[in-house]
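Visitor: Spelled out from the first residue to the last, the chains are:
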Amino acid sequence: MARMKKDLLGLEGAGEREINQILDMAASMKEIMGRQIKKVPTLRGKTVVNMFYEPSTRTRTSFELAAKYLSADAVNISSSTSSAVKGESLKDTAATIAALGADVVVLRHPMAGAPHLLAGTIKPAVINAGDGAHEHPTQALLDLFTVREKKGRISGLQVAIVGDITHSRVARSDIWGFTAMGASVRLCGPATLIPAEIERTGARCCTRMEDALEGADVVIMLRIQLERQRQGLFPGIREYGRLYGLNRERLALAARDALVMHPGPVNRGVEISHDVADGVQSVINEQVTNGVAVRMALLYLLAGGGAVEAAD
Amino acid sequence: MPLYRHGQAFLRGLPEGKGVVVMPGSVRQKAVILDREGIRRALTRIAHEIIERNKGTENLALIGIRSRGVPLARRLAQRILQIEGREVPVGMLDITLYRDDLGTLSPHPQVQRTEVDFRVEGKTIVLVDDVMFTGRTIRAALDAVMDLGRPKLIQLAVLVDRGHRELPIRADYVGKNVPTSRREDVAVLLDETDGDEKVIITEEDKT
Numbered sequence: 001m002a003r004m005k006k007d008l009l010g011l012e013g014a015g016e017r018e019i020n021q022i023l024d025m026a027a028s029m030k031e032i033m034g035r036q037i038k039k040v041p042t043l044r045g046k047t048v049v050n051m052f053y054e055p056s057t058r059t060r061t062s063f064e065l066a067a068k069y070l071s072a073d074a075v076n077i078s079s080s081t082s083s084a085v086k087g088e089s090l091k092d093t094a095a096t097i098a099a100l101g102a103d104v105v106v107l108r109h110p111m112a113g114a115p116h117l118l119a120g121t122i123k124p125a126v127i128n129a130g131d132g133a134h135e136h137p138t139q140a141l142l143d144l145f146t147v148r149e150k151k152g153r154i155s156g157l158q159v160a161i162v163g164d165i166t167h168s169r170v171a172r173s174d175i176w177g178f179t180a181m182g183a184s185v186r187l188c189g190p191a192t193l194i195p196a197e198i199e200r201t202g203a204r205c206c207t208r209m210e211d212a213l214e215g216a217d218v219v220i221m222l223r224i225q226l227e228r229q230r231q232g233l234f235p236g237i238r239e240y241g242r243l244y245g246l247n248r249e250r251l252a253l254a255a256r257d258a259l260v261m262h263p264g265p266v267n268r269g270v271e272i273s274h275d276v277a278d279g280v281q282s283v284i285n286e287q288v289t290n291g292v293a294v295r296m297a298l299l300y301l302l303a304g305g306g307a308v309e310a311a312d
Numbered sequence: 001m002p003l004y005r006h007g008q009a010f011l012r013g014l015p016e017g018k019g020v021v022v023m024p025g026s027v028r029q030k031a032v033i034l035d036r037e038g039i040r041r042a043l044t045r046i047a048h049e050i051i052e053r054n055k056g057t058e059n060l061a062l063i064g065i066r067s068r069g070v071p072l073a074r075r076l077a078q079r080i081l082q083i084e085g086r087e088v089p090v091g092m093l094d095i096t097l098y099r100d101d102l103g104t105l106s107p108h109p110q111v112q113r114t115e116v117d118f119r120v121e122g123k124t125i126v127l128v129d130d131v132m133f134t135g136r137t138i139r140a141a142l143d144a145v146m147d148l149g150r151p152k153l154i155q156l157a158v159l160v161d162r163g164h165r166e167l168p169i170r171a172d173y174v175g176k177n178v179p180t181s182r183r184e185d186v187a188v189l190l191d192e193t194d195g196d197e198k199v200i201i202t203e204e205d206k207t
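Residue numbers (the working numbering), protein chains in the order written: chain A, 1 to 312; chain B, 1 to 207.
Any given hint might turn out to be false.
Derived Cβ-Cβ restraints for the label pairs, each shown as a range [as the list claims (entries may be wrong)]:
(1) B:52 with A:44: 55 to 65 Å
(2) A:38 with B:86: 27 to 37 Å
(3) A:38 with B:152: 46 to 56 Å
(4) A:256 with B:36: 17 to 27 Å
(5) B:81 with A:199: 29 to 39 Å
(6) A:210 with B:86: 56 to 66 Å
(7) A:44 with B:169: 35 to 45 Å
(8) A:6 with B:52: 21 to 31 Å
(9) B:117 with A:20: 17 to 27 Å
(10) B:146 with A:78: 51 to 61 Å
(11) A:33 with B:59: 46 to 56 Å
(12) B:146 with A:20: 23 to 33 Å
(13) A:156 with B:59: 40 to 50 Å
Computed from the model, here is a short list of chain B residues facing chain A with C-beta under 7 Å [claimed, not checked]:
(14) 29
(15) 32
(16) 82
(17) 85
(18) 87
(19) 104
(20) 113
(21) 116
Hint data in this document are derived by calculation from the structure and do not stem from the laboratory.
Since we're looking at a predicted model, the values are computed, not measured.
Ideal Cβ placement from N, Cα and C applies to all residues, glycine included.
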């Protein structure tokens, strides 16, 4: 029996077919964003609630705009202005929001698994907008969309992900997503920031950045999240930049038409040099645009009860 | 043979929905309304009428409604080129996001891309669809075109008008008027989409 998915919690276990369905839909949505009147009446009367328990500008704004382009009403709740500061539990806050009539809840939370907890307790669709160091599926989907749009395919490509893999939910979702679509993923970063047994995901680890970049078709640079570096695993900004920063010389090792990607916000001069971030191979700004299109597609699918068929 | 119920063409192939997938065998073909020659003649006449009504092809553009309106719009443009020696731009419109019944549909149908590569401002737009039924598809298409800009004029061409309007909308160019009962379906088959070329009336077998 085909089953409809209510929520988007992660890309672990996602199949090529359902990812392609979302990307196809996102391509249709991107056309709307190119219009003078960037609005369609599709989700009139639906409510999207953005619950952000961690700071975010681009993801929250991206979801908010995606909802508004589809004529849904968007409400934003951040942890500092919510009842969470009064000690309300996540579950109770979510139940309240569901009772207020939300159709889709977008959740970012510092704890891995928080969206899964919500999805099991409330009726509205839940979209994971980043849970701890676990997954950030919409970021990975927009990365996949950008690569597919630029390269015409994902299967068979060599994708290098460089940075702090341990603390990166983007890396995890990207590994699942790119692997499911048939690409090969190489990981690179300080040995202290590569999780044990990550190669069980199908990705390959490289110690030297040069090995990871060699012939790569896509280079995804991760942001060094200084807010998550408290355990002395990080060598220091200057040393990190010297060993794992992407500059023009290093980029020359990758394929000539390699794409340079970054989930943002960019630490210029640390993980990526100015000239590469602004260079012709950089698609960092297009990633942001595509993020809105991908989120429109997801809101459309999930507000309609979810058209993505889950593999049983 | 993949038949579809008119007005629900965009749902074809989805696993669930309202009367979406018409299984071969459960449907009886009652009559052929237009054969290959009939379709050809109807389109040729409509092309002439479009040129005559608009006194040429100045500012004219055709927009086909997905899915079968698109090949029909292309064919009309081809005929207009043969008759007048002028190319008219052809766009394609997906109206899924503008449907008035999305709230009742779960899951939401797949959205195809809208591709209108010309400015609609000040143009005479001829919307093209295969079958006109309740008029709700055309209502959605009108809204979709308006969101692209402000055309000077919008006209409507359909291959078959089967009646049963639920909205005050009428077509400017009609290939054939076919009185039908609501229990019947009109299926348009085109070489481009179906590998055959005819318009038939079908009825579901009650057995």
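Visitor: Does residue 87 (chain B) pass the interface hint, meaning its C-beta sits closer than 7 Å to a C-beta of chain A?
Guide: At 23 Å from the nearest chain A Cβ, residue 87 (chain B) fails the 7 Å test, so the hint is violated.
Visitor: Mind checking the hinted window 17 to 27 Å against the Cβ distance between residue 256 (chain A) and residue 36 (chain B)?
Guide: The hinted range 17 to 27 Å is violated for residue 256 (chain A) and residue 36 (chain B), with Cβ atoms some 51 Å apart.
Visitor: Taking the closest Cβ pair, is residue 85 (chain B) under 7 Å from chain A?
Guide: Constraint on residue 85 (chain B) not satisfied, violated at 32 Å.
Visitor: Does 51 to 61 Å hold as the CB distance between residue 146 (chain B) and residue 78 (chain A), or does it fail?
Guide: This hint is violated: roughly 37 Å between Cβ atoms.
Visitor: Within 17 to 27 Å or not, the Cβ separation of residue 117 (chain B) and residue 20 (chain A)?
Guide: This hint holds: roughly 25 Å between Cβ atoms.
Visitor: Please check whether residue 29 (chain B) passes as an interface residue: C-beta within 7 Å of a C-beta belonging to chain A.
Guide: violated (30 Å)
Visitor: Does residue 113 (chain B) pass the interface check with chain A, least Cβ-Cβ distance below 7 Å?
Guide: Holds - the Cβ of residue 113 (chain B) comes within 7 Å of chain A, reaching about 5 Å at its closest.
Visitor: If you take the shortest Cβ to Cβ gap from residue 116 (chain B) to chain A, is it below 7 Å?
Guide: violated (9 Å)
Visitor: Measuring from beta carbon to beta carbon, are residue 44 (chain A) and residue 169 (chain B) in 35 to 45 Å?
Guide: violated (21 Å)
Visitor: At the C-beta level, are residue 156 (chain A) and residue 59 (chain B) separated by a distance inside 40 to 50 Å?
Guide: 47 Å Cβ-Cβ, so the 40 to 50 Å window holds.
Visitor: When you take the CB atoms of residue 38 (chain A) and residue 86 (chain B), is the distance between them in 27 to 37 Å?
Guide: holds (33 Å)
Visitor: Grab the minimum C-beta distance from residue 32 (chain B) to chain A and call the hint holds if it beats 7 Å, violated otherwise.
Guide: violated (35 Å)
Violated hints, in rising order: 1, 3, 4, 5, 7, 8, 10, 11, 14, 15, 16, 17, 18, 19 and 21; the structure is consistent with all others.
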